[in-house]
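Peer 1: Sequence:
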Amino acid sequence: MSADIPQTEENLIPSPSNSNNENPTNLSSQASMGGHIRARTNTAEIDSTIIHPGSVKINVTGAFIVDQGSVSPKELNTNERNYDTQDIRLPNHTAVVSHIAVDIGGSLAKLVYFSREAHSREPGGRLNFMNFETDRIDECVEFMKQLQAKQQKLNGSRPGDLCVMATGGGAYKYYDKIKEALGVDVIREDEMECLIIGLDFFITEIPREVFTYSERDPMHFTSPSPDIYPYLLVNIGSGVSMIKVSGPREYQRVGGTSLGGGTLWGLLSLLTGARTFDDMLGMAERGDNAKVDMLVGDIYGTDYGKIGLKSSTIASSFGKVFRMKREAERLAEDSGGQNNSNEPSSSSHSAEEPPFCNEDISRSLLYAISNNIGQIAYLQSEKHRLSTIYFGGSFIRGHRQTINTLSYAIKFWSNGEKKAMFLRHEGYLGSVGAFLKRKPEGWGRRMSFEEAAASGEGEVKDVRDELKALKREVSRTE
1 MSADIPQTEE NLIPSPSNSN NENPTNLSSQ ASMGGHIRAR TNTAEIDSTI
51 IHPGSVKINV TGAFIVDQGS VSPKELNTNE RNYDTQDIRL PNHTAVVSHI
101 AVDIGGSLAK LVYFSREAHS REPGGRLNFM NFETDRIDEC VEFMKQLQAK
151 QQKLNGSRPG DLCVMATGGG AYKYYDKIKE ALGVDVIRED EMECLIIGLD
201 FFITEIPREV FTYSERDPMH FTSPSPDIYP YLLVNIGSGV SMIKVSGPRE
251 YQRVGGTSLG GGTLWGLLSL LTGARTFDDM LGMAERGDNA KVDMLVGDIY
301 GTDYGKIGLK SSTIASSFGK VFRMKREAER LAEDSGGQNN SNEPSSSSHS
351 AEEPPFCNED ISRSLLYAIS NNIGQIAYLQ SEKHRLSTIY FGGSFIRGHR
401 QTINTLSYAI KFWSNGEKKA MFLRHEGYLG SVGAFLKRKP EGWGRRMSFE
451 EAAASGEGEV KDVRDELKAL KREVSRTE
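Taken in order, the sequence shown gives residues 1 to 478; the numbers are from the UniProt record's numbering.
Incorrect hints may appear among the rest.
[Claimed, not checked] No more than 30 angstroms apart at the CA atoms, straight line, and that leaves these computed lysine-lysine pairs for DSSO-like: (1) K411 with K244; (2) K418 with K244; (3) K179 with K150.
[To be verified] Derived DEER-like restraints, expressed as beta-carbon distance ranges: (4) Y172 with T222: 29 to 37 angstroms; (5) D298 with E250: 26 to 34 angstroms; (6) G305 with T61: 48 to 56 angstroms.
Simulated from the structure, these hints should not be mistaken for lab results.
Every residue, glycine too, gets a C-beta built ideally from N, C-alpha and C.
Working from the sequences, and respecting the hints, build out all of it.
Peer 2: This is how it looks when you write it as structure tokens:
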């Protein structure tokens, strides 16, 4: 499938068969809230990218995700700060693209750009994904300048030939900074609309992108389909927005919550001293929330089967902390009063140690926020009679515990009647949507509103032309 962007048309190369060299089989983005997704720091590693504008045929036929690992949610590798989000190969897109897109939120700036591999024998190119901490927006702008320099080096085009599509609150906050640094047009797009366009693109066009989660099948992929409406989008960034989507241009923000990724990041930075979001997820991976949370089993001693609660179900997040902290303080006082030596005894030293660790705190808070989001999402879907719920946003980043908690919450509260859907590029809905907003708006969407409208207009025009021809023929015979 191809869609026009107003520039000179280029020949399309037939789709190559997918070989095992780029087997589209592995999981979602493990993007980092604390640094770039890729460790690219200079233009030497950007093999080819945006060239001069012109009229291009953007072709998404045969698109697939470039995989390099397993097909289940990966355990977080805490020895690394930067995590890869897999590129999307566009084997049938042979022309170059002259714009990049960025979604600048409260915590992260998410960048999307199209590139071609230098010296590659394979046709087509790739969509590339990177993110930067918003507090370090200068690094993001610098990388965009590198893309611009590469563009000029490759074909000597003017700086103004590059265009930046921007969305999110930072598209306004940092508009002047980006425009002055690059000296190019910066086109700002509506955040909610970009989220919907980006999600629709992933749902309808990219195989092995959307999946459901269960303990038996952690990544059950769904096939791209044009029949996707209605649905609820729960976008989890610094805060949470919930959007009811009834069609390509029919959507409404129906709710949200201020308790999102920014809450987890902020509280854990105070409680644990962790420096990056992925450090926090790494600690949560190693923690045991049962040492911090009060469980159903702590109250009843067993399951509460009559109402369907397992003994491991959380009855109160952080419910053990106050009691355990009081006990630890009391033990410390008693031990200190009995010890007459100058050296503290081993018992008093151990009593002064906190009865819970940073890892346990991290896991408990991750569960608390994820469960809260899951329950609110269920209530909104119930209120608006929506059975399909998509979870997006950089809070998730392919993290198994987060996905499991959100999926379990929807399944539990709906008695299995509603589906929680996840994406491998969940943090890039807005930036991909902004990328696709570069005219024409129907870029890359089969069964899009624009295509349907164009098709209908064409049919009406054909009928009108036939009627006019018939009328002329009748006039001649008269």
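Peer 1: Against this structure, judge whether each hint is valid.
Peer 2: Hints, verified against the model:
1. K411 with K244: The hint holds at about 19 angstroms.
2. K418 with K244: holds (15 angstroms)
3. K179 with K150: The hint holds at about 18 angstroms.
4. Y172 with T222: 29 to 37 angstroms: Since Y172 and T222 have Cβ atoms about 35 angstroms apart, the given range 29 to 37 angstroms holds.
5. D298 with E250: 26 to 34 angstroms: violated (47 angstroms)
6. G305 with T61: 48 to 56 angstroms: holds (52 angstroms)
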